[in-house]
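These protein sequence lines map, in sequence, to chains A and B. The first sequence lines up with residues 1 to 326 when you count with the numbering used here. The second sequence lines up with residues 327 to 591 when you count with the numbering used here.
Hints should not be assumed to be uniformly reliable.
Below, computed lysine-lysine pairings styled on DSBU-like, alpha-carbon distance capped at 30 Å [claimed, not checked]: (1) K411(B) - K65(A); (2) K363(B) - K189(A); (3) K235(A) - K15(A); (4) K422(B) - K189(A); (5) K152(A) - K411(B).
Simulated from the structure, these hints should not be mistaken for laboratory data.
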Amino acid sequence: MAVKRQLSMVLDLNKCIGCHTCSAACKLMWTNRNGREFMYWNNVETQPGEGYPRDYQNMGGGFDKEGALRLGRQPSQEDYGIPWEYNYQEALMTGTDPWLRPHVKPTWGANWDEDRGEGDYPNSYYFYLPRLCNHCDNPACLAACSRNAIYKRQEDGIVLVDQERCRGYRYCVNACPYKKIYFNEQISKSEKCIFCYPRIEKGLPTACAQQCVGRIRWIGYRDDEDGPIHQLVEKHKVALPLHAEWGTQPNVFYVPPLSPSRYGAEGQELDESRIPLGYLESLFGPRVGEVLDTLQAERQAKAEGRESELMDTLIGYKHAEMFKLS
Amino acid sequence: MTTRFILHGTLACALALTSAGAWADHTEVNPNITEIKPGDSVQAARLPDNIYLRTEDDPDDIIWDRLPMYRTELFVAPPVHQSVKLRFDEGASRSKHLYFQVARSSERFHVRLQWKDHSQDTATTVDSFRDGVAIQYAIGDTDTSYMMGSGPDNPVNIWYWRADDADRVENLAAGGYRSTTTLDEQPVTGIGAYYPDAIEQDSMWRVVMSRPLAAGGEYDVGLEREQVPIAFAVWQGSDNERDGNKRVTHTWILLDTGLDNDTGN
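If we strip away everything but chain A, and leave its shape as in the complex, we get (with noise of 0.2 Å):
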């Protein structure tokens, strides 16, 4: 879809501490209330595992390779996980409960298996996978509409839902292989990340971003070749979207992330790395070895006084420059 000028964002996941300040900082904008609870328009997964919601990577969505719409299935409320409350006046305040316990069982919720990851000691391994919409060039969500509720704005390429429109038919959450965005049921509408286009229109980054205690987020235009975002994505070409495959070309990217060596029977180092090549290929496309290497590379330029201008940009000196509004 072509539009004037597209935002875009990058995260680097070898910074990322998995602190969850960014889906604290989201919810506390935008959906810690009404009906918009068991939302996390951003959240904080650990990968290899089952995401937010439960399972979506294999949910189906997006399009196949003839660029048709792609059935998929649809999350339950259990998939998201059910909010729960804790009686903090009765047990901590007034007294009149010996116990502090949440309103309902929690069986399942975002980030359930946050410390579980992939494999066995001394070469187990995860990381943590920070998402939000992609505000794609060819959002899912937007072609499955029935009756055009959604829209891309032509100024900076956000994808919203007309509220005035949307009659909650729910084909966009089916369609969107992301699962970003979601039923809610106290209007009977759907909704999704707006990219905090209220702060953004004011000069502002997304709450995400400026709240990243990690500084792993960049914000910019695609187009803007002094931004961040050009520098990460086309010139220096480390930055890489999830699931390409799934055909909605993303305007999320990754800086996929490095990792130590697997160890031997013996505990010599191996020549692999723990995270699984072929499982961040699994996520990130065929470039993810090149992209390593060059990280590899740069990295050791800056450890030997060196200059690289692409670790100075990684290392995210001052958000001035790490947000490119204009």
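Please build the complex by placing chain B on the supplied structure of chain A, with the hints as guidance.
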């Protein structure tokens, strides 16, 4: 009028006998109900002015027992959007009978709709879809497409009742696919109720919708004319039906309002 009833009744019986297997629920053949095919006309019954309805939209009002009942068959709507096509479910391809009655007083127009539904789906949640029913009226003539109208110049007016908000009817307009719009004025009222039966399959929804005869807005159907093209749609929540995923009347049924011959009684 009587002749027409007999004629249609006979036709319906004959057809039911010859092609019983193709009917939605052929065991329901009832000589007191007139089978209506698309293209047929039905007469709106006249409620005498000395009859007072305690509640305008009571789905169980005794008056309905005294008014002629029609039955028409609703078939799956052809999918006109790829989302609908993808979700075209085998189970939903069976047709369904809708029973309807139409009546008017000197001020108001009433429709009662009934259909069998083994499950009462009254919630719109992440995991479920609601039951619903709608009446569609051509604002113009029968050259309007019965499938949501033909463009902005040939629109339809739709009264939509949904089981998750059973005491309200949405007044909508559309001029072609994708264009359904909620109107500013909401003059249509209605109430729906579910009547469970010991035999699950015989459980029934009954919905009454009504509106003052005088049309308010540009997209409110004019009922003060001799003939109004109408069509129906039913959504089964348990089949995940919503949007164009529904069962509909294929082509218009013509409603004789009787206004040309109204003596006031």
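Legend entry - Enumerated hints in conflict with the structure, sorted upward: 2
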